[in-house]
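Peer 1: Protein chains in written order, with our numbering: chain A, 1 to 142; chain B, 1 to 85.
What the hints contain is simulated information worked out from the structure, not anything from laboratory work. Hints are all accurate, no fakes.
One-sided excerpt, in silico: chain A residues whose CB lies under 7 angstroms from chain B: (1) THR117; (2) VAL119; (3) GLN132; (4) ASP133; (5) VAL134; (6) VAL135; (7) LEU136; (8) TRP137; (9) PHE138; (10) TRP139; (11) ALA140; (12) PRO141.
Have a look at the derived ranges for each label pair, beta carbon to beta carbon: (13) A:TRP142 - B:ALA84: 32 to 42 angstroms; (14) A:GLY121 - B:ASP60: 28 to 38 angstroms; (15) A:GLY131 - B:ASN80: 11 to 21 angstroms; (16) A:TRP142 - B:GLY71: 13 to 23 angstroms; (17) B:ASP26 - A:GLY121: 16 to 26 angstroms; (18) A:GLY121 - B:ALA84: 29 to 39 angstroms; (19) A:TRP142 - B:GLY61: 29 to 39 angstroms.
Glycine included, every Cβ here is placed at the ideal spot set by N, Cα and C.
Listed below, chain by chain, are the residues.
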Amino acid sequence: MSFSVVNQGDGQARTTRHMLLFMMLRASKKLRSLFVALAVTAIVATSCGGSSGDTAGAASAPAEEADQAAPIEEATAQPSRVATTVTGGQIASAPAEEADQAAPIEEATAEPSRVATTVTGGQIDFGSFEGQDVVLWFWAPW
Amino acid sequence: MFADDVTMIGVAGRDDADTFQQWITDRGVDAFEHIADPDIEIWREFRITSQPSFVFINNDGTIESHIGPLGLEGLTARINELIAA
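Construct the complete structure from the given sequences, taking the supplied hints into account.
Peer 2: In structure tokens:
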């Protein structure tokens, strides 16, 4: 279990830059009926053994993302900054480093249809989330 | 309780798709979609510096991020705020 359930301080940070990306999240509400309640519980506890295989809304087309990644990857190829999470340290995205990354990232995200690949090989179009409340949970299997 | 109000999406980073899928199955978090982000490109777009982290995108376009874990209560509270806002 690599997941802590300890409540942490609020490290939220509003960023107007993300508005760019969000503009692409505006669209239909096709994924609105996902089982988020289940999800929340599972995320926090990560103890349920269930595996219903219900992955709604995934398209079957493979990804074609590689070309979008290049500028971002180069700009941010730095050592991982993961250490503080375990103790819940609030990493307010380092200003100095972020400044350098800002330009290429914004260009990369300011595309009409930002499509991401799911773990099952489907695709998620960020543009399909317009007008919705969306929670992104960033995790890694370690 | 939030099924019709919030779209939850996982963004799995720093590994390959097979490992992601195995982890999802093991943890039983397959009730919603997970984006495979092996090179953490999407992480970087949202300035995610560690995991777990959460990004809350309101239906008015406002985006807030939380770097670090949230307990069940914390996450529930944030989702309720998101729905109410």
